[in-house]
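Q: Now for the letters of each chain:
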Amino acid sequence: MLDVKNLHTEYYQGGRVAHAARGVSIHVPQGQAVALVGESGSGKSTVAQSVMRMIRPPVGNLREGIVSVNGIDVRLCTDRQMRQVLRNEIGFIPQDPTTALDPLYTIRSQIKEVLPEEDKRNADQVITELLESLGIVNAADRLGDYPHEFSGGMKQRVAIAIALAKRPSVLIADEPTTALDVTTQVGILRLLDRLRRERNLATLFITHNIRVARLLCQHVVVMYGGIVVESGPIEQVMAAPSHPYTRALLDASVLGDRPRQKLRAIPGNPPSLFAMPQGCPFSPRCANATDQCHEGLPSEVATEQGTRYTCWNPVAS
Amino acid sequence: MLESGGVMTDYILEACNVVKTYEARGAAAVHALKDVSLGVAQGETVGLVGESGSGKTTLMRMLLAIEEPTTGVVRFRGTPRNEMGKAEMKEYFNNVSAVFQNPFSSLNPRRRLWDVMTERRAIERRAKKSERRERAAELTAMVGLPEDYIDRYPHQLSGGQRQRIAIARALAEDPSVIVLDEPMSALDVSVSAQIANLLLELQENFGVGFLLIGHDMDMIRHLCHRVAVLYKGDIVEQGPVDAVMRAPEHDYTKRLLAASELTSLEIDDLEPVESADAPFLISQPVPTH
Amino acid sequence: MSTMTPTRRAPRRRGLKRSRHSRKPWFSMAAMGLFAFCGIFGALIAPHDPTQNDLAHSLAPPFWAEGGSTTYLLGTDQLGRDILSRLLSGAQVSFLVAVGAVLIAGAIGLGVALLAGYTGGRLDAFLTRVADSAMAFPVLLLAVIVVALYGKSITIVIVVLVLAVWPQYARVLRSEVIRIRNEDYVVMSKVMGGNARWAIVRHIVPNVVPTLLVLATLQIGFAIIAEGSLSFLGIGVPAPAASWGNMLADGRNFMQTAWWVPVFPGIALSITVLSANLLGDWLRQTLDPATRR
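Chains as they are written, first to last, in my numbering: chain E, 23 to 339; chain U, 3 to 291; chain S, 2 to 294.
These aren't lab readings, by the way, just hints derived from the structure by calculation.
No experiment lies behind these values; they were computed from the predicted model shown.
By construction, the Cβ of each residue, glycine as well, lies at the ideal position given by its N, Cα and C atoms.
Among the hints, erroneous ones may be present.
Stated by the list, open to error - Simulated restraints on C-beta separations:
| id | chain 1 | residue 1 | chain 2 | residue 2 | range |
| --- | --- | --- | --- | --- | --- |
| 1 | E | Pro255 | U | Phe208 | 45 to 51 Å |
| 2 | E | Arg216 | U | Gly45 | 44 to 50 Å |
| 3 | S | Pro207 | E | Arg233 | 41 to 47 Å |
| 4 | S | Phe38 | U | Lys130 | 40 to 46 Å |
| 5 | U | Gly28 | E | Pro80 | 45 to 51 Å |
| 6 | U | Met91 | E | Glu317 | 56 to 62 Å |
| 7 | S | Phe38 | U | Met91 | 52 to 58 Å |
| 8 | E | Leu126 | S | Gln286 | 24 to 30 Å |
| 9 | E | Glu139 | S | Pro207 | 51 to 57 Å |
| 10 | S | Gly122 | U | Gly87 | 25 to 31 Å |
| 11 | E | Asn222 | U | Arg248 | 37 to 43 Å |
| 12 | S | Arg24 | E | Pro255 | 49 to 55 Å |
| 13 | U | Glu136 | E | Ala309 | 33 to 39 Å |
What the hints assert, rightly or not - Stretches of chain E that chain U covers, calculated by requiring three or more beta carbons in the stretch to come under 8 Å of a beta carbon on chain U:
| id | segment |
| --- | --- |
| 14 | 197-210 |
| 15 | 268-275 |
| 16 | 286-297 |
Generate the whole structure from the sequences, applying the supplied hints.
A: Right, dumping it as structure tokens:
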């Protein structure tokens with residue numbers, strides 16, 4: 023189980039402080055998949071890195087909040103304890119498997135490295151079974167192969183195997199399909215979905231594509247400018263978004279019915295971490311914004327549909 | 003359905019029976035393109051889809067005169083490129099331009115934006131600095147950026163803004179065709195919609211033809227008149243975008259469309275995945291990105 | 002419209018700003034500044050002729066020690082030559098050798114790197130092999146051979162150092178050239194009709210300059226040490242010209258009796274080399290993030 027409460031993460035650069043995550047809360051129960059949706063600079067990757075405690079001084083700091091992985095607060099861990107958490111509890115799937123796999127080692131040795139002790143004795147068998155369950159045919163013959171001998175989709179499967187070899191309870195996938203071809207993408211998504219069910223994984227799926235998220239996840243957390251603007255069951259959020267940003271994101275990503283007509287684009291650009299607007303980070307681009315929005319953030323509001331949003335002037339739906 | 007390559011058509015830019023084979027020392031020759039014909043007409047957007055290794059990048063390099071085909075020709079307004087003289091090549095470079103995928107690597111970090119946008123004029127040495135700056139200001143306005151941006155450096159802009167500058171540079175000499183290599187794929191969703199709108203607007207105003215290379219089938223469907231599907235170095239399907247999307251004929255097109263529908267994951271679990279992948283060009287000849 | 006309000010700053014300044022963790026090495030900068038100043042104007046400010054013997058005052062201690070005088074601020078050596086003047090004169094030698102070797106080797110290395118990295122193919126393979134072989138040749142042996150053939154002189158020292166150092170530039174810069182050659186803005190310049198010369202002059206060279214600068218700074222330290230070592234071994238700058246290396250060589254016998262003879266050139270050498278290296282490290286950290294992307 024992954025439980026993030028009121029996380030504040032900051033980065034330091036040239037004497038300036040960037041508040042990359044401001045009061046982020048995410049709950050991922052066992053066997054569920056939660057999508058963390060946002061654009062660049064929204065803080066979505068910061069949250070993932072915070073969970074793995076990869077942000078530390080002097081680069082940045084988890085200033086406040088609770089980041090609990092199966093009841094262990096990673097903020098309070100010693101380095102040694104943190105290594106244990108990363109080794110036993112968290113599986114991570116990178117965006118680009120090409121850079122995540124070490125080109126110098128065979129896939130056998132890269133997977134074996136992370137196997138738990140009890141699996142190491144009959145490592146080849148365990149690895150073969152794992153790879154075949156991930157859709158790599160004739161895995162036994164490919165154990166001695168190097169990463170460059172695999173295609174993009176296959177490399178991502180190897181990366182998934184590395185994430186799963188330690189039998190984690192939490193799986194974090196950071197845009198695992200953006201570097202892949204469309205036809206390969208579906209296979210990987212399907213695989214992640216099956217693994218979550220079969221292995222009862224708590225899956226945090228980080229993506230910029232809310233439509234991809236919908237296929238895989240039960241819940242969604244939408245981030246913008248370091249805050250959670252909206253969260254809840256993904257069907258409800260997509261059917262009736264309350265936050266203008268969620269609305270606009272859905273509008274901008276739904277194409278098709280009116281070819282060659284102007285899309286409803288969101289004007290402007292996402293804010294830079296170091297030049298965050300006052301008040302609601304979306305206010306400079308928001309059609310609903312009032313003076314109130316430029317001054318401060320409201321507290322979170324819960325709706326009857328089970329969604330939550332942070333907005334002064336929610337869209338009527 | 004396939005257009006014949008050799009005949010004079012309305013195409014401004016056209017690849018006719020282009021074949022590209024890369025010979026590597028001590029390795030089997032790689033057939034990156036096997037007899038590909040594709041054209042773009044005035045004011046038309048043609049989509050080119052295919053996965054990595056399909057030959058998209060190679061075809062783009064042929065059309066942009068970065069490389070020459072092994073056999074076959076690239077025609078501009080009917081004239082084969084290999085028969086062009088110096089003056090005609092100048093015309094070619096003025097009329098055929100490009101926007102690349104990654105706005106972070108497509109702008110020289112050490113040049114101011116006015117200089118970046120009007121580089122073609124600097125190459126030709128035919129404009130004074132003041133004229134180039136003036137043109138740059140027009141171009142920034144054309145792509146929806148404030149004119150005072152011309153004195154900035156690329157790193158001072160966001161990804162979407164940089165892509166606008168890259169588009170402005172492509173427009174600098176009033177081209178008749180722009181090759182767009184996945185121009186939205188490095189951008190955020192909210193920003194890529196802006197760029198799509200900008201492209202539509204530019205086509206409406208200037209009648210420029212686009213060759214849009216991409217893998218986002220929704221975007222292709224939205225922006226293109228025609229689409230060509232490239233698979234393992236061959237164009238396996240080509241036609242009006244509606245027709246191809248509604249009733250795809252080739253297996254690969256069907257798979258591609260099914261994959262990009264993204265309506266449900268509940269298709270039969272674990273199809274034979276090795277065939278779904280494209281391990282065709284294991285090593286791409288010359289990476290452009 | 003834009004929520005981001007980028008400020009107007011040149012790329013390099015931004016690079017400097019970024020590296021908050023490496024504070025500006027004021028000491029190294031000052032030391033290198035002093036070194037350059039002495040290297041250029043050393044002869045003008047030297048109180049005595051650095052080669053003038055004055056046996057009556059041989060081995061005079063520095064002015065603050067017992068028996069020292071302000072005539073010879075840092076004392077004299079066994080031949081009564083003023084150590085301060087010799088240090089200043091030695092700085093000129095070191096400066097000339099270091100800057101000369103680094104500039105010439107840098108120019109050769111950059112040229113080879115551009116030729117090899119941009120052209121690729123067989124020429125690249127050939128030039129890379131030449132650089133590798135040159136690098137595998139021991140500097141000392143090279144120096145002994147060249148000196149045996151052509152005799153000792155500052156020019157020879159520079160030639161030896163250039164021969165020893167250029168392959169390092171060539172190798173590092175070649176990979177930079179290859180990286181930049183494949184950047185989209187270089188490809189785009191071809192789409193716009195630019196030729197190889199255009200790509201090199203306009204895009205590639207300006208973008209390898211930071212790397213070249215870092216390398217050159219680090220190589221200055223190496224060149225100074227190398228000149229010192231060669232002179233110490235007697236195959237560098239010929240006597241009676243002062244060089245920190247042959248001052249050290251002369252002075253090592255007086256370590257017990259007249260410490261100032263070897264210690265001052267030793268300090269000068271150490272501080273200069275250390276400063277050059279620190280400055281180089283700082284430049285590397287500072288310029289790197291700005292050149293990426």
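Q: Now, for every hint given, state plainly whether the structure supports it.
A: These are the hints, each one checked on the structure:
no.: 1; hint: E:Pro255 / U:Phe208: 45 to 51 Å; in the structure: 46 Å, holds
no.: 2; hint: E:Arg216 / U:Gly45: 44 to 50 Å; in the structure: 47 Å, holds
no.: 3; hint: S:Pro207 / E:Arg233: 41 to 47 Å; in the structure: 43 Å, holds
no.: 4; hint: S:Phe38 / U:Lys130: 40 to 46 Å; in the structure: 42 Å, holds
no.: 5; hint: U:Gly28 / E:Pro80: 45 to 51 Å; in the structure: 49 Å, holds
no.: 6; hint: U:Met91 / E:Glu317: 56 to 62 Å; in the structure: 59 Å, holds
no.: 7; hint: S:Phe38 / U:Met91: 52 to 58 Å; in the structure: 54 Å, holds
no.: 8; hint: E:Leu126 / S:Gln286: 24 to 30 Å; in the structure: 27 Å, holds
no.: 9; hint: E:Glu139 / S:Pro207: 51 to 57 Å; in the structure: 54 Å, holds
no.: 10; hint: S:Gly122 / U:Gly87: 25 to 31 Å; in the structure: 28 Å, holds
no.: 11; hint: E:Asn222 / U:Arg248: 37 to 43 Å; in the structure: 41 Å, holds
no.: 12; hint: S:Arg24 / E:Pro255: 49 to 55 Å; in the structure: 51 Å, holds
no.: 13; hint: U:Glu136 / E:Ala309: 33 to 39 Å; in the structure: 35 Å, holds
no.: 14; hint: 197-210; in the structure: holds (count 7)
no.: 15; hint: 268-275; in the structure: holds (count 4)
no.: 16; hint: 286-297; in the structure: holds (count 7)
In this structure, none of the earlier numbered hints is contradicted; all agree with it.
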